[in-house]
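Undergrad: Required output: the full structure, derived from the provided sequences and hints.
Those protein sequence lines, which keep their order, are chains A and B.
Position 219 (the first sequence) corresponds to 219 in the numbering used here; numbering is contiguous.
Position 150 (the second sequence) corresponds to 150 in the numbering used here; numbering is contiguous.
Hints are supplied without guarantee of correctness; some may be wrong.
Any copy, or any two copies together, can satisfy a pair, since identical chains are not distinguished.
Unchecked claim - Mimicking EDC-like on lysine to aspartate or glutamate, the simulated pairs with C-alpha atoms at most 16 Å apart in a straight line are:
id : residue 1 : residue 2
1  : K321      : D7
2  : K321      : D25
3  : K338      : D288
4  : K253      : D135
5  : K193      : E64
6  : K321      : D100
7  : K321      : E93
8  : K321      : E19
9  : K253      : E218
10 : K253      : E128
No wet-lab data here; the hints were simulated from the structure.
Treat the numbers as computed from the prediction; the structure is a model and nothing was measured.
Protein chains: 2
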Amino acid sequence: MPQLRQDLITGRWVAVATERARRPDSFSQAAREPVPARDVCPFCPGHEQMTPPEVLSYRAPGTEPDGPGWWVRVVPNLYAAFRLQPEGQDVREGRFLQRDSIGACEVLISSPDHRAAFPQLDRHQVEEIVQSYLDRFRAHQANPALEYVSILYNHGRPAGASLEHPHSQLYAISLVPPSFVAELEGARGYAAKEGGCVFCRTFDDERRAGARMVFENEGFTVFCPYAARTPFETWIAPRRHAASLGDLLPAEKADFAQAIQVTLRALAQGLNDPPFNYFIHSAPLRGDHEAVYHWHLELIPKLSTAAGFELGTGMWINVVKPEDSAAFLREQVEAAVKEHSAV
Amino acid sequence: MPQLRQDLITGRWVAVATERARRPDSFSQAAREPVPARDVCPFCPGHEQMTPPEVLSYRAPGTEPDGPGWWVRVVPNLYAAFRLQPEGQDVREGRFLQRDSIGACEVLISSPDHRAAFPQLDRHQVEEIVQSYLDRFRAHQANPALEYVSILYNHGRPAGASLEHPHSQLYAISLVPPSFVAELEGARGYAAKEGGCVFCRTFDDERRAGARMVFENEGFTVFCPYAARTPFETWIAPRRHAASLGDLLPAEKADFAQAIQVTLRALAQGLNDPPFNYFIHSAPLRGDHEAVYHWHLELIPKLSTAAGFELGTGMWINVVKPEDSAAFLREQVEAAVKEHSAV
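TA: Take a look at the structure:
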């Protein structure tokens with residue numbers, strides 16, 4: 001069973017998961033060399049037996065679970081830092097505290113096509129990916145042992161993608177992680193002082209200012225935030241106030257999918273397919289966050305290395321103004337629109 | 001002038017520093033290829049004119065500033081995210097807030113030898129490096145415009161070292177960054193509830209438990225912390241309670257240098273010279289933190305990639321138990337001692 005350990009000084013929890021059973025010397029230079037492409041990809045159709053049984057799939061009528069015929073397939077992650085069980089046990093070692101790491105890790109295989117990078121997927125497929133996010137989010141939301149569901153996508157090895165086949169990931173965990181504690185504190189502070197949702201204000205201000213806007217449709221705003229941490233950091237935010245990804249309405253799904261697709265294509269086009277991470281920020285599952293929290297997607301291209309300054313201080317240095325990042329991405333969006341209408 | 005920008009939601013500050021004047025398209029694939037080794041290193045003796053004038057050097061009697069003859073040389077960083085000026089100006093854009101990024105960035109060239117990696121430096125040189133940390137720390141401490149001094153070392157390109165020649169870095173800034181806000185909150189909470197210094201308690205507990213210890217001498221304890229964020233994360237902590245690096249006594253310098261050297265050699269030996277970041281955590285310069293804070297050095301080898309989960313949640317997953325990391329490093333330390341006594 002993987003464990004959570006609490007740092008006595010800051011109270012922060014770390015997951016210690018040794019499932020992969022790597023010996024310490026496996027971290028020496030030779031083992032750090034790039035892993036060659038695998039002959040057999042466990043995420044490709046026909047290889048369904050290489051993964052644990054599926055928990056969800058969208059597949060052609062008449063096809064069998066854990067066989068081919070799917071276009072989205074969700075399976076438990078073989079190497080799980082969080083694992084479902086009825087109740088967690090605490091272990092104390094003097095002042096130190098350790099706890100069973102309860103939760104679930106899932107892989108959302110986002111296309112049957114091994115070589116279909118996310119930016120190249122068609123609109124309908126992106127809508128199906130969004131649907132799989134919703135279905136799995138809601139499934140875990142119903143489990144009272146869980147406090148948070150994080151859904152994310154790692155693209156490219158420098159961004160931490162260990163398998164080439166396009167896949168999203170879901171982590172359902174039994175605590176509220178630091179990023180959301182900080183956001184909630186800020187949002188509650190703002191609501192108490194100024195009234196209203198600080199996210200709504202920020203997103204509206206970004207639309208009004210315009211200089212950092214990348215794209216918008218009826219449902220979503222895409223922009224490089226005012227205090228972006230990295231070059232080309234981009235947020236995709238729903239215009240309707242809603243605390244949780246689980247609140248997404250069926251009618252909003254197409255707009256969300258379009259916003260993701262337009263953003264990823266602009267990035268891939270303009271920067272020659274850079275590695276990136278995106279992650280959905282949604283309200284914690286328990287407690288009343290409806291009024292103050294506002295879900296959104298944050299995307300961070302992996303173009304620089306967080307080094308001693310960032311790791312040591314928790315502060316970021318961004319070498320490109322978000323206004324310049326946004327102008328560059330806007331140009332890509334406009335070029336794509338022109339190309340499309342020319343066809 | 002570089003800028004600080006405040007995120008409206010969390011209140012966190014980001015430095016926006018476009019000094020290097022990179023155009024957005026310089027981030028596309030071609031530009032991301034590894035930079036070839038430079039023919040001419042600005043940190044090598046004889047090339048002193050390639051850097052701004054030195055602010056400190058330890059050099060042979062009779063040699064001239066900004067000429068050869070030094071063994072440690074400190075110069076302002078050409079690409080500074082923080083710059084000294086008498087007073088910062090705030091610029092408001094609606095609700096958004098921007099401020100001049102006041103401070104100093106310095107490069108502490110840690111050896112005249114381009115190819116002398118830090119783990120290979122001799123003890124006397126490491127003591128001189130520590131002395132340069134102290135001298136520059138104290139110089140900035142005296143400036144009332146500054147709130148924090150961060151000193152760090154990046155080793156290897158994957159850990160963000162952009163030049164091969166061994167060098168430490170110093171950032172003196174006008175705010176207290178998030179890592180220290182979190183540590184101070186935790187430490188004050190502990191002092192109020194339990195009394196005493198939570199760092200002293202933790203370090204004593206680690207010595208008593210033993211399983212995560214790597215090395216100790218009269219002045220310093222080296223261990224992999226109970227809630228280590230990454231494989232082989234290692235802390236070097238002074239046994240005498242002291243809030244600030246600036247409190248280091250002359251008699252403690254040799255022990256600190258030995259602890260650094262033993263740790264870096266164990267890491268280099270055991271894992272075939274892995275990239276790493278280390279950074280010194282010291283109390284903020286202003287305010288009374290004497291009783292609750294305890295300075296120390298944190299070292300994080302760069303062996304894995306912080307991906308969507310870590311970036312999105314602020315939470316870490318560690319795939320090696322700190323007990324196993326420590327046992328492995330202890331073996332390296334013991335082997336080095338044996339080898340040394342056999343010679």
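Undergrad: Out of the numbered hints, which ones does the structure contradict?
TA: 3, 5
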